[in-house]
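> One letter stands for each residue in the lines below.
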Amino acid sequence: MSHYESPTRQPLVRGHKTYHDITVDIAYPIEHPSGKLWWLAFSLAMATFLYGVGCIAYTIGTGIGTWGLNRSIGWAWDITNFVWWVGIGHAGTLISAVLLLFRQKWRMAVNRSAEAMTIFAVVQAAIFPVIHMGRPWVGYWVFPIPNQFGSFWINFNSPLLWDVFAISTYFSVSVVFWYMGLLPDFAMIRDRAKKPFSKKIYSFLSMGWGGKAKHWQRHEELELVLAGLATPLVFSVHTIVSFDFATSIVKGWHSTVYPPYFVAGAIFSGFAMVQTLLSVMRKVMHMEDYITRDHIEVMNKVIIVTGGMVAVAYATEFWVGWYSGSRYEDFTYFSPGAAVGPYWWAFWALILCNVLIPGLLWIRKIRRSFFWTFIISIVVNVGMWFERFDIIVVNLSRDYLPGGWTMFMPTVIDVGIFIGTNGFFFVLFLLYARTFPVISQASLKSILKSSGESYKKHHTEEEHQNEH
Amino acid sequence: MSTKTIYGLYADDDELLEAIHTFNKEGIAIKEVYTPFPLHGLDTALGLKKTRISDAAFFYGIYGLTLASLMTWYMMNHDWPQDIGGKPSFTWFENLPAFIPIMFELTIFCAAHLMSLTFLAVSKMYPGAKAQNPDPRTTDDKFLVEIESADVEMIKDAFIKTGAEEVTVRDLTPVK
Chain A
1 MSHYESPTRQ PLVRGHKTYH DITVDIAYPI EHPSGKLWWL AFSLAMATFL YGVGCIAYTI
61 GTGIGTWGLN RSIGWAWDIT NFVWWVGIGH AGTLISAVLL LFRQKWRMAV NRSAEAMTIF
121 AVVQAAIFPV IHMGRPWVGY WVFPIPNQFG SFWINFNSPL LWDVFAISTY FSVSVVFWYM
181 GLLPDFAMIR DRAKKPFSKK IYSFLSMGWG GKAKHWQRHE ELELVLAGLA TPLVFSVHTI
241 VSFDFATSIV KGWHSTVYPP YFVAGAIFSG FAMVQTLLSV MRKVMHMEDY ITRDHIEVMN
301 KVIIVTGGMV AVAYATEFWV GWYSGSRYED FTYFSPGAAV GPYWWAFWAL ILCNVLIPGL
361 LWIRKIRRSF FWTFIISIVV NVGMWFERFD IIVVNLSRDY LPGGWTMFMP TVIDVGIFIG
421 TNGFFFVLFL LYARTFPVIS QASLKSILKS SGESYKKHHT EEEHQNEH
Chain Z
1 MSTKTIYGLY ADDDELLEAI HTFNKEGIAI KEVYTPFPLH GLDTALGLKK TRISDAAFFY
61 GIYGLTLASL MTWYMMNHDW PQDIGGKPSF TWFENLPAFI PIMFELTIFC AAHLMSLTFL
121 AVSKMYPGAK AQNPDPRTTD DKFLVEIESA DVEMIKDAFI KTGAEEVTVR DLTPVK
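If you read the sequences in order, they're chains A and Z. So for the first sequence, my numbering puts the first residue at 1; every next one is plus one. So for the second sequence, my numbering puts the first residue at 1; every next one is plus one.
Keep in mind that the hints are not guaranteed to be accurate.
[Stated by the list, open to error] Below are the DSS-like pairs computed for lysine-lysine, each with C-alpha atoms no more than 25 Å apart in a straight line:
1. Z/Lys-4 to A/Lys-214
2. Z/Lys-31 to Z/Lys-49
3. A/Lys-199 to Z/Lys-124
4. Z/Lys-130 to A/Lys-194
5. A/Lys-105 to Z/Lys-50
6. Z/Lys-4 to Z/Lys-124
What the hints contain is simulated information worked out from the structure, not anything from laboratory work.
Could you put together the complete structure from these sequences and hints?
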């Protein structure tokens with residue numbers, strides 16, 4: 001069987017790895033106690049999470065009046081954070097589904113963690129609309145459940161309800177996709193486990209997977225079809241999120257460019273978060289041989305492309321705002337009015353963080369640098385947060401009548417809840433990193449002979465000898 | 001002579017595939033093969049039929065689409081029609097554009113979940129099921145071939161000749 005791959009392609013697994021080495025490397029963090037750094041990060045994340053829980057409890061106990069909302073701006077901080085978190089989730093599905101269909105082998109080192117990030121980010125996103133209901137205990141009313149109100153059904157014409165269906169489908173399908181891929185890796189951990197307790201846990205999780213030929217055949221088919229289903233799903237989710245705004249009649253929101261623009265922005269911010277997480281994880285968890293400089297570079301290229309798309313969308317919106325000559329358009333989040341208005345700082349934060357600084361990634365040296373990748377990835381996430389803040393707050397702050405003009409400033413509670421979701425996200429991610437196989441080792445083994453460094457070198461040498 | 005189960009353990013995927021081709025030529029029937037990762041060409045070498053779970057997924061998708069169509073029709077047009085925002089719901093067809101997102105999501109939802117459940121069911125996998133691989137090394141770096149035969153010596157030789165690292169013989173019925 002030929003394992004040939006062009007020598008111009010960089011190896012995806014560095015060093016002289018065997019199948020067994022991959023097993024040992026991936027199982028290492030699970031089988032060994034966590035280091036000081038992990039405990040430090042975990043305590044910090046836990047503390048911020050608990051602070052967020054406190055702020056949420058205060059909100060529910062006292063009411064939405066604890067937030068900075070007012071008559072003109074009835075929707076600000078919470079929906080900004082909701083859209084931001086959902087957007088971050090998009091990279092995981094893009095890597096695992098779209099790149100599977102495109103047969104991109106480099107995805108195998110990063111898809112597991114990216115999918116974990118997706119799931120944990122969607123959990124954070126879901127918190128915001130639920131607590132904004134004011135009475136979260138009746139949150140299940142958003143589902144089509146028979147009831148005693150004369151059967152008064154939910155409104156399927158509403159984009160908010162589409163969102164309920166889109167987000168819950170996205171979340172549950174992402175979990176299933178992730179879990180099906182985890183089965184062979186859990187089985188690997190199970191077969192190595194020595195302590196009876198962990199053996200029991202991983203036996204339960206791996207569902208008896210044994211790697212039979214027929215099961216692998218079905219598993220491959222399952223992954224392929226799930227990828228095919230998840231691909232339109234991931235594009236639909238942020239499209240439907242953008243409908244929350246685009247189907248309304250608020251100036252600046254009522255725009256046909258929103259769906260593609262939101263999807264590109266989501267992938268942009270999602271890849272930035274993947275970079276933030278992986279550039280740290282590869283070092284702390286000693287995965288440098290699997291998540292290489294080349295992996296980081298290709299993801300930076302995705303950031304360049306999607307960042308370019310959003311930049312074009314910004315330019316278009318700005319042009320339309322100015323060229324229309326409409327006085328209402330001059331108040332939208334992308335208009336000369338916004339650039340010099342009371343929210344000028346939010347406008348320029350967006351331009352700086354989303355267009356100018358990520359533009360540095362066009363320089364090869366910078367996009368191949370771990371340090372700069374980490375810094376720029378955080379800048380992009382800040383920028384994407386400001387994008388949503390601008391869209392929501394700037395557009396609402398200038399109502400149609402000057403009497404309704406107002407400003408929005410978050411309260412301590414608003415900020416606390418947002419910080420809390422960041423803590424919760426890292427609590428989940430850190431727990432995942434200690435208990436789950438963070439790289440899909442079974443798929444990685446299947447490309448070792450074609451893309452492993454020592455095997456590749458061996459192939460080229462052999463061919464070289466054959467020529468003479 | 002009673003039928004016994006003989007296991008041959010291989011260290012390399014290419015050796016394993018060659019061994020399977022040899023067994024096929026010699027007419028030795030292979031019961032099962034356990035591998036740590038998906039091997040390309042293994043299903044054709046073993047003569048496995050194409051799996052039909054993707055066909056099932058198609059029908060699950062149709063089911064989800066039908067479910068969403070019926071649900072939106074029943075709730076919005078039949079059971080309790082309302083005039084929402086000056087957009088009355090007289091017929092399902094007139095309302096259809098607003099239902100597309102729901103229909104799309106439920107199609108994906110049913111196809112993905114029911115297909116995954118089908119996969120688990122036909123593979124006899126469930127939370128807490130006993131590990132199906134007879135040797136724990138097959139999830140790490142070893143490849144195991146399982147053959148049921150009465151002629152133990154012949155199979156043993158075949159395994160050793162094709163480069164198996166280890167050959168084990170097990171009685172089909174437990175020894176009393």
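> It remains to establish, for every hint, whether it holds in the given structure.
Status of each hint after checking the structure:
1. Z/Lys-4 to A/Lys-214: holds, 22 Å
2. Z/Lys-31 to Z/Lys-49: Answer holds: Z/Lys-31 to Z/Lys-49 is near 15 Å, not above 25 Å.
3. A/Lys-199 to Z/Lys-124: holds, 20 Å
4. Z/Lys-130 to A/Lys-194: Within the cut-off at roughly 16 Å; holds.
5. A/Lys-105 to Z/Lys-50: The given pair, whose Cα atoms are some 24 Å apart, holds under the 25 Å limit.
6. Z/Lys-4 to Z/Lys-124: Holds: Z/Lys-4 and Z/Lys-124 sit about 24 Å apart, inside 25 Å.
In this structure, every one of the numbered hints holds.
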